[in-house]
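Could you fit the two chains together into a complex? Lean on the hints.
Now for the letters of each chain:
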Amino acid sequence: MHSVTVNINGKECNAREGSTILMACKELGIDVPTLCYHPDLSIAGNCRVCVVEVEGWKTLVPACVTPITPNMVVRTDSTKVRKTRKLLVELILANHHNNCPECERNGNCELQDLAERYNIRFNRFQTDEKPESSVQVSSAIMRDNSKCIMCTRCVRTCEELQSVAVIKSVGRSSEIHIGTFDDKGLGDVACTQCGQCINHCPTGALYEKDETVPVWAALEDPEKIVIVQTAPAVRVGLEEALGLPIDHHTGKMAAALRRLGFNRVLDTDFSADLTIIEEGHELLFRLKDALVEKKEVPLPMITSCSPGWIKFIEHKHNDLLDNLSTCKSPQQMFGAIAKTYLCDKEGFDPAKIVSVSVMPCTAKKFEKDRPEMNDSGFKDVDYVITTRELARMIKEAGIDFDHLPVEKFDRFMGDSTGAAVIFGATGGVMEAALRTAYEIATGEEIPFKGLNVLPVRGFKGIKEASVLLPDEMAEGWEFLAGVTLKVAVAHGLANADKLLKAVKAGEAEYHFIEIMACPGGCLGGGGQPIPTDMEKRMERMRAIYAEDESLPLRKSHENPEIQLLYAEYLKEPLGHKSHHLLHTKYTKRDRF
Amino acid sequence: MEKKVLLAENQPEFGAGLEKALNMTPADVVYEVRDSGMKGRGGAGFPTGVKWNLAGAASSDVKYVICNADEGEPGTFKDRLLIEKYSERLIEGMAMGGYAIGGSCGIIYLRAEYPYLIPVLERARQNFLDRGLLGKNIRGSGFDFDIEIRPGAGAYVCGEETSLIESLEGKRGEPRNKPPYPVNSGYLDKPTIVNNVETFCAVPHIILNGSEWYTDLGVGDCTGTKLFSVSGDVERPGVYELPMGAPLKDLLELAGAEDIQAVQVGGASGATVPASGINRTLSFKDLPPGGSVIVFDSTINMVDVLENFMDFFVHESCGQCTPCREGNLRLMHAAQDIINGDLCCKACMAPYFELAEAMKISSKCGLGQTSANCFVDIVNNFVELSDECHCGEYRCEGGDE
Ligand SMILES: Cc1cc2nc3c(=O)[nH]c(=O)nc-3n(C[C@H](O)[C@H](O)[C@H](O)COP(=O)(O)O)c2cc1C
Ligand code: SF4
Ligand code: SF4
Ligand code: SF4
Ligand code: SF4
Ligand code: FES
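These protein sequence lines map, in sequence, to chains L and E. Counting from 1, one number per residue, gives the positions in the first sequence under our numbering. Counting from 593, one number per residue, gives the positions in the second sequence under our numbering.
So that you can see chain E by itself, here it is in the shape it has in the complex (with noise of 0.2 Å):
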């Protein structure tokens, strides 16, 4: 059932949390993070205290803060309410970041569809301020700390964070290769952290409420809450926020999912599943979950589905590394050829999926290591594929291995 924390109707006052974390040690904040087991919620799931660890512990006078509120994942809102609503909050924990290891300049990357969130942002910033929150020697504390509204680039892979660092620095967003990673070498190749809009939201929670309290949220061994941004056939389509660990069923019910065919967990770059599936649980070790969860009811042909993915990646790929450039283009293809019904057997699909296992584990970044995600899923649930051979096409003879 819904936890509300982030999304709670009584939140602490904006500002509280900073001025706890001003009286501890940085070291300590970072800690307290670090206990909380809390991992990023932008999608990767890296645990954000060892992040801010390494941040800090890299030797620097000048270290950044970077908020990706890209949101690019088609189906994902979830960041755009929490800006909209709790805008003092996100700055807050960019504060708190930037205390912990040691930064003082603060960058919102924000999606380039979200213009009118700027000025909401400005007014928090404003606000943060007026009440000494922000600038100067906060507090008297000696920490000085400020934020930055950058608007994106409008490419989804921008979001990838080393992407994201090259778009702000006026480059093609193309990503990084790592190492070195941007916790040593970020933006303007200073140390610096990225993290995600809730991520940020949910510190001041955890410093205020203590590690113990932000790990006891979740359901077994998962810390926190989550947002989920559920879109698709339900009747109540919307932001929810769960423990971490909740099965997927309860969401489904919250958000009114009659008729499930599937369910995509994690946005076109997740798990889809099928409605045998709803009992598994929203946690990185079972379905990690991004921002998004979409419900397909059985009138939807999933195959149509994953053409519409497969032609949404080979736009978003940003075309520098082989195996996403030229790999999403083949699955695209082969998912039209499911379509036309000239992809028939096991062993006409055989090197597609050797293609998705290449993609996932050659390509550069996130984008081209999880694209083939719901290929895989698809074609392995809701697509028929005969033993036999009909199109007796050389491929199909095993004319290669």
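This is chain L alone, in the form it adopts within the complex (with noise of 0.2 Å):
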């Protein structure tokens, strides 16, 4: 796209022809406001917020709809632009909920931004009585359509970037609303529960179902002994959620986990590490008994750790799930050892305990409540709350998040590594994977300079690459000399519905895929803070791979509380006690 010149508010400056007047002002420095654009999705063009005034039209035009052309004239200041998007702002407040003080998003919220900045103080066209609020409620997500602006993000993020489809808009006119098949709760149509819809929603119509009110109620009970988890993107997110600058401190996290009253403060990282000896070994076995033992054996294994993800292949690519690893995901993983392993270090009665665990992510709700999730006896997990649910705690106890001194986890399940801090980033489960699973078989250090596997990291939507395995191999593994491992990720379920797509087609052949619902990993998870961009992902990327860098031990087989998990309470991955804990079985579910 080559630049040409254009005239913005009566200014001479250059923009790239061919991109939309919208792109064009932002390079520029100059705003123009928004409702249903958002950078992640394709144009929809139906807020008409944005219009601006072009010289020669005799409408105002969509500013993210209209390409910039040589010597278009723009006003995106003019009276009629400002009194118009006033007017739409007026119209879209008058059939909305707006209960702005008790709601979801208040002060994180687009139409509410907008009706500040337009100055809104009386709505001429209030006419009717306002809707009143509907909330339809499923395991992680929340609607409620008396705030719902009809942008359709959400529409398009569910389509485009998760491939799933299940809300569409329903009706027209004015009876039109997001809506389902048949109108059917989301708990009951092919919905993930990844929480995609939320971080795109620009107001208060999509929201997690809150797990606080429990969770303070634990907190406050002295026969309770509540202990926290928290996964890896989480610690790359809250401070962004608190509103604060960002600097990326785990261990002021962890303190402010023990200000709000947790008995102990843990690490759902501690237990990424354990996934990767799990799911490590469970690879390199599936390899042994293709290759040696010449069995029928599901290749390619695929990872499980993403519950957004399980939910999405058990409706739609359902004759995979024995590609999948039996692994439960490391919030599982680590509900299941605190109330066994834990308890007996630490002398807790299990049934005393709850649970709490803190993700990025809203699927991790749902996957809790999953029936089979309660192989410690008890509930393996009790309460899951997002980060954003989490920040919300931390400012309403009042904690000057940003004054904490910064402290360490506790002991027995706190200790972690650079593998599993990257869990958090797509790709990272695989290079973690990789890093041990390399080492196992080798006996030496993955080859890639620094340890950094760079070919599975980044934003591309599927991603490939391949290990040539040594002639010489460790002992019990020479079967897999000279072979060339073949991996692939894919983040976004519409890209992972892609690669599954070619794989079953026979387009492509791996030994192991890493996927993740969320676009960017659980990064960019549906429990993140809003807004979640390009921009927001590279940022927590960047703090990920920089904490994995400056971490002493950044392989999961070196974390020692895994070693001494192993040496005193599990024996050997894989084994007897692995099997009962840490790995699971999937449900058939219906494709719609």
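Some hints could be false.
Restricting the straight-line Cα-Cα distance to at most 25 Å, the calculated cross-link-like pairs of lysine-lysine (DSS-like) are [unchecked claim]: (1) L/K460 to L/K486; (2) L/K224 to L/K345; (3) E/K763 to E/K782; (4) L/K555 to L/K486; (5) L/K224 to L/K395; (6) E/K952 to L/K80; (7) L/K504 to L/K486; (8) L/K498 to E/K763; (9) L/K588 to L/K501; (10) E/K877 to E/K952; (11) L/K555 to L/K571; (12) L/K130 to L/K83; (13) L/K585 to L/K288; (14) L/K168 to E/K763; (15) L/K498 to L/K585; (16) L/K395 to L/K408; (17) L/K80 to L/K26; (18) E/K770 to L/K26; (19) L/K58 to E/K877; (20) L/K486 to L/K294; (21) L/K80 to E/K770; (22) E/K952 to L/K58; (23) L/K184 to L/K168; (24) L/K555 to L/K449; (25) L/K577 to L/K352; (26) L/K379 to L/K585; (27) L/K83 to E/K770; (28) L/K83 to E/K938; (29) E/K938 to L/K80; (30) E/K952 to L/K83; (31) L/K168 to E/K770; (32) E/K877 to E/K596; (33) L/K184 to L/K588; (34) L/K26 to L/K83; (35) L/K80 to L/K11; (36) L/K184 to E/K763; (37) E/K770 to L/K58.
Just so you know, the hints here were simulated from the structure itself, not pulled from any lab data. A quick note: this is a predicted structure, and the numbers were derived from the prediction, not measured.
Here is the structure:
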């Protein structure tokens, strides 16, 4: 695209031909309000608040749709533009259940911002009653159409990013609303509970099911021992959610959790390392069965740590369930180990434990309620709160996060390695697994500079890598000598869908595939701070790899507490106890 | 006075225009249509030759010729008449469009309420096939063309060309963003021309008689003739053909309108003219003539008419864009308030005029851009508003700007 001269608000400037007026204005630092526009999504052009004046046009034009042409004369600041935008905001508000102080998105709402910006004090078009709140509940996702402004960002998210497409515009004219097939609840359709629709919604029409209330209650109950785990991606999102400058301080997060009253502050990163040990061995054994025993083994093996992804495959590709690793997600491994091993070590009564997990993810709320997730003899994880919910608790408790000291996690399930930290980014599980599996099978470090498996990093939708195994292998793994291990990584369910279709069609052959439901992996999860866009995802990703690089231990099998866990309790990877506590099975679900 | 071309008793033979066109270059067909100055007969009045030229210039192996026979505007029935009587002329015009732009697939999007016209169109198609005027290698010219008849989805907005295309693709009938325009990326993302039934029917006449002849048919700088479906309080409702640019008065005389309070030209989204305006002309410059002309006599309360129209738009808006979805509803409420005496003064009304203007300039498609026309016209011409406010509502005291 080459640069052309345009005139915006009376000033000559250069813009790229063919880019939209909106993009050009962004680059030039000229503010244009938007509601239906989201950089992750296709252009809908339905809210119309981005309208601008272009010379030669009788009507205003939407800046998010209209391409720049040479010598275009644009006004974003005329009275006509300002008055029209203001009127549009009034129209939206007239049909909006605006109770901002009691709203999920109070203080972080694109509509509220516009109402403030256009100085709406009195709505000239409030000719009838406002819509009544009508909340539809599912395991993790709440929908309230009385807050919905029909921007269709959720619809486009579900379809374009996730290829799930369970929410649609239904009906016409003033009856139009976002709904599902037959207007069933999200829990009764093939919704993955990924929460991406929440992250892309400009208003409070979509939000996670709140679990802070029972968590507060548990914290206040002297009878309970409340333990908490925090997922790798939470620590790179929490400050954003608190509206603080970002320095990604894991130690402050641990301190804040302690101030909230959690009795043990522990780390999902610990169980991420545990996942790698189990899953790495599972992969090696599947390869052994295939190559040595010549058994029919489901390959490629596919990761199973992303519960949105699991629900997706259970609905849409359930002929491939045997390809899934049987490993539980790190959250659920943590839950099962906490109510067994940790209780042994600490002398806790597991019946008194309340196990809380802080996740960048809404699907984890669904996952913890899966009926099979009680191998400890109790519900393995009791409550799941998102990064956003934790931020709210910290605010509500009046904790001055910025000035907290840096503290450590508690013992037995608090140690982690860089390999666990990178679970938070797409490609991270793959990289962590390769670091460990390669070393188990060869006795050598993986031959990537600084342990950094760069081909599986970054935001490309589907990434591939191959690792040539050397001729010299460790004892027991000689059969892998000279084998080229082929792996692939996909993030965002639309990419996952594409990759699986290619695998099924025989167009691509891999040994191991990592899939994360959310774009960018957990760092872009449905429970992460809003907004989440490419810029934010990139920043969180940089933080994750920086933390990995800064840690003394960067391979899961080097985690001393993991070594202790195997020595004292699990005995061996894929052993009897592991099978019972750390592995699971999957359920076929309806396609729609 | 009437000037019958499309509805003439003595019509040139069906197919003669196509045969003549096949002996011209596609570009010459386009230029002839362009030089005729004909503007699309579906309402928006875009020059047909310009549209065809753009589609002709778009490079693609597949292009589509779509006939918009959705005729959803209340009070319009001229396309129905054309199909009933001259369906072969329509197919001929479509084939010529295909030849002109280099497309061989024609689709007729037929109003859902007109299923009985499907056999009529099928018969016409078969005739043309039998005569070698449709199908492969028409008359040895190397040009292939055939048509397909598809029933509409039954919504007024599906008559909007991009919404029509979405509907043909099996999606919700929602207007698309433009650009891209259908001439570049239309049905199945291929270059597509969408034209009204009457537009296609006129093309064979233009090619047979020449663009100059066509230009001379109109009054002043208007070109050609135009069909009008006249209904309402008239002696002789029906379809009339007049030169473009004729005064409204002529049409009203033909249809036998005696007691005239108001005339709506161009359907619900057109202009509502008081009796004093009957000397205005039916032309794109003055009263843009869609298909329908509705006459209201003095017994009718125009605000009731307004409420009906607003109710129509509230229901027919596809609902996707803010100004149309929300705006029509508020205008309907305003009409109800006028009826109930709750909207008393100019100050009370001011925000609704602002709303009407915002809808016109910020809606996504023609529906929302024109649905407030009747509100503005009827309130301006048929509603008395006092200068002084009696209701004392905050909004009247300039609660806002
Ligand atoms: C709401 C709406 C309804 C329309 N309905 C029709 C229709 O029923 N028939 C029609 O020919 N054009 C209709 N149009 C106009 C079409 O969008 C389009 O301009 C026309 O089909 C182009 O053909 P023409 O250039 O031959 O007029 C409608 C436009 C709008 C905005
Ligand atoms: S969605 Fe936004 S504008 Fe609406 S009530 Fe919530 S905070 Fe207020
Ligand atoms: S949670 Fe995910 S799958 Fe469910 S509706 Fe939202 S985007 Fe779609
Ligand atoms: S739920 Fe949110 S994202 Fe979806 S259409 Fe409504 S306001 Fe937009
Ligand atoms: S103007 Fe009305 S009909 Fe047209 S796109 Fe907008 S809501 Fe739909
Ligand atoms: S942001 Fe451009 S129309 Fe909504």
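Quick rundown of the hints versus the structure:
1. L/K460 to L/K486: Distance ~17 Å between L/K460 and L/K486 Cα, so the pair holds.
2. L/K224 to L/K345: holds (17 Å)
3. E/K763 to E/K782: Judged against 25 Å, a Cα distance of about 16 Å means the pair holds.
4. L/K555 to L/K486: holds (20 Å)
5. L/K224 to L/K395: It holds: about 23 Å lies between the C-alpha atoms, which stays within 25 Å.
6. E/K952 to L/K80: Given that 25 Å is the threshold and the Cα spacing comes to 12 Å, the pair holds.
7. L/K504 to L/K486: holds (16 Å)
8. L/K498 to E/K763: holds (23 Å)
9. L/K588 to L/K501: Given pair L/K588, L/K501 holds - Cα atoms ~18 Å apart, limit 25 Å.
10. E/K877 to E/K952: holds (18 Å)
11. L/K555 to L/K571: Answer holds: L/K555 to L/K571 is near 19 Å, not above 25 Å.
12. L/K130 to L/K83: Holds - the C-alpha atoms of L/K83 and L/K130 are around 23 Å apart, at most 25 Å.
13. L/K585 to L/K288: holds (21 Å)
14. L/K168 to E/K763: The hint holds at about 12 Å.
15. L/K498 to L/K585: Since the Cα atoms of L/K498 and L/K585 sit roughly 24 Å apart, the hinted pair holds (cutoff 25 Å).
16. L/K395 to L/K408: holds (21 Å)
17. L/K80 to L/K26: This hinted pair holds, its Cα atoms lying about 21 Å apart.
18. E/K770 to L/K26: With Cα atoms ~21 Å apart, E/K770 and L/K26 stay inside 25 Å; holds.
19. L/K58 to E/K877: holds (15 Å)
20. L/K486 to L/K294: Holds, at about 19 Å.
21. L/K80 to E/K770: holds (22 Å)
22. E/K952 to L/K58: Holds, at roughly 9 Å.
23. L/K184 to L/K168: Holds: L/K184 and L/K168 sit about 12 Å apart, inside 25 Å.
24. L/K555 to L/K449: With a Cα-Cα distance of about 14 Å, the restraint between L/K555 and L/K449 holds, given a limit of 25 Å.
25. L/K577 to L/K352: holds (22 Å)
26. L/K379 to L/K585: holds (17 Å)
27. L/K83 to E/K770: holds (23 Å)
28. L/K83 to E/K938: Between L/K83 and E/K938 the Cα gap is close to 19 Å, so the pair holds against 25 Å.
29. E/K938 to L/K80: Holds, at about 21 Å.
30. E/K952 to L/K83: holds (13 Å)
31. L/K168 to E/K770: With Cα atoms ~22 Å apart, L/K168 and E/K770 stay inside 25 Å; holds.
32. E/K877 to E/K596: holds (22 Å)
33. L/K184 to L/K588: Given pair L/K184, L/K588 holds - Cα atoms ~20 Å apart, limit 25 Å.
34. L/K26 to L/K83: holds (21 Å)
35. L/K80 to L/K11: Since the Cα atoms of L/K80 and L/K11 sit roughly 19 Å apart, the hinted pair holds (cutoff 25 Å).
36. L/K184 to E/K763: Within the cut-off at roughly 21 Å; holds.
37. E/K770 to L/K58: holds (15 Å)
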